[in-house]
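Enquirer: One letter stands for each residue in the lines below.
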Amino acid sequence: MNGSATGESRAGAQWMMAAAGLLFCTLSRISLRNFGNLPWITAGVALVLVLAGLSLFARGNDRADGMASPVLFGLLMLWLWEMLVVGLHVPFVILPPPSAIALAIGHHLPMLWADFVQTVLHAVLAGYAMGCGSGFLLALAIDRSPFLQRGLTPLGNLISALPIIGIAPIMVMWFGFGWQSKAAVVVLMTVFPMLVNTRAGLASTDAMERDLMQTYAAGYWQTLRHLRLPVAMPMIFNALKLNATLALIGAVVAEFFGTPTRGMGFRISTEAARMNLDIVWATIVVAAVTGCAAFVLIAAIERVVTFWHPSIRGARRS
Amino acid sequence: MDASNPLAGAAVVAENLSIRFGTGDAATLALSDIDLTIGQGDFVSLIGPSGCGKTTLLRAIADLVQPSSGLLRVNGMTPEAARLARAYGYVFQAPALLPWRSVARNVTLPLEIAGMGRAERQAEAERNLALVGLADFARKFPWQLSGGMQQRVSIARALSFKPSLLLMDEPFGALDEITRDGLNLHLHELWASSGLTGVFVTHSIPEAVFLSTHIVVMSLRPGRVVEVIESALPRLRRLEDRETPEFLALSHRVRAALYDGHGHG
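Order-wise, the sequence lines are chains A and B. Under this note's numbering, the residue at position 211 of the first sequence is numbered 211, and the numbers go up by one with no gaps. Under this note's numbering, the residue at position 54 of the second sequence is numbered 1054, and the numbers go up by one with no gaps.
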């Protein structure tokens, strides 16, 4: 009863949003006296009608309804973007329409794939694995040794404060033009968040749980394995999610400072200089999709590993 | 006295035991000159007002707190040796179950740490869960159980090492009275049928009188033993026995000792 009421009001809001968008765009078209793109308006009307119908149809199904709203909203935004850019004659170098970006993706698929392999599959993956791994191991070492704690904590703070713009050219000097220097930048960007989160997670056991392990006469490593690491997992996954975004940014920016003739950062900087903004935007789309996919993947693994955590088991039950 | 005294066979011996927290002027005396002997097979309740050090005494027996002076022996060993020998089971105020482990795997955890093989520890967990009446819940997770059931799991877990000594720190304090009655009866039957020695910290006079062979009444600031009352009730008890004149007389005596100790504090 309650659910269907909110479902109805949500569907109503979607209808209103769609209608407002249509009205606005149609008016802007008419005022510009540009009737040449009538098929676009028709396509937009059809799109909104189909999606609104779908969202009404899926109202009974929570999952489908949850998906319909963002999809409808996203498509509407793309369509608005297209209409405004074409209708208002926005210059191509300022903002290309989505259709041009889609065409650029289609035309340059092999090139975009080579860039993706260079930047994501080499630099980001290697740097992410090494950065997260060494952040985790450093956290364990610091946990084990007060001496390291005093020595490494200020050093970690220093590394985290280094500007990536300054570090990237130095890493290129040290590790060459290949993906290895970009991986090194990614390592420097990701090691500290993982170190800090792992330490905070390891410290988040409560006194009773530690007493419990003490009554079992459990040693350091047994306490770590059976109590402290599981307790730390939600914090570790926070760092993994945060670092996925940081790694991508780090690798792309690092490529601005010298790279072989491929890579997403290289592509953005050279094609922007040649005014091929559709290719720049196509690369940005690839980066955005990659970032989202990585986030979704890590979140899915997190749900499996920390299924017991109140934030996840609550969602699972309902 | 030296360690070769005739009480060496007792479960717990404390002589002139004092525990101080902090140092210098800020130091507080939590326990002062405790003399106490707990015999094998006894069920001893420590009762007293909040802050009288009853939990501190239990934690000292478990080697979770270090004595400042005096002597403390557990099964004839130092508390540390007893802990390392896994000579006792400890039940905390809260169940303290690990939410990522199933009920059965929570119960096997101490045995896994002790290095017991998988099949053996699973059989042991099944046996201990059956003892607390939760054999059918082995595959559930702790957060799928009620508070009373969770505390029963933690008792089953404390029995894992087959200890001769079971230390309990207000284990039923957070539960409603009906659940608490049921668990008291269950614990009593478990103790009566097993030959365990029990040390039980509580605020509740009826609970202490129902469960105990000896009731240690403690007073506040500093924590002292006011009186050790030996129960004349039969060894085996039923919940209905709480209405008998003997039970009420004993309750009255415990209450009088508590107020007595409070007056001196």
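Everything labelled a hint here was simulated from the structure, so no lab data went into it. A virtual CB, placed ideally from N, CA and C, is assigned to each residue, including glycine. Any given hint could be a false lead.
Facing chain B, according to a computed beta carbon distance under 7 Å, are these residues of chain A, among others [stated by the list, open to error]: (1) S69; (2) M208; (3) E209; (4) Y216; (5) P234; (6) M235; (7) E271.
Enquirer: Next, verify each hint and record whether it holds.
Expert: Results of checking the hints against the structure:
| no. | hint | result |
| --- | --- | --- |
| 1 | S69 | violated, 31 Å |
| 2 | M208 | holds, 5 Å |
| 3 | E209 | holds, 6 Å |
| 4 | Y216 | holds, 5 Å |
| 5 | P234 | violated, 11 Å |
| 6 | M235 | violated, 14 Å |
| 7 | E271 | violated, 48 Å |
Comparing the model with each numbered hint stated earlier shows that hints 1, 5, 6, 7 do not hold.
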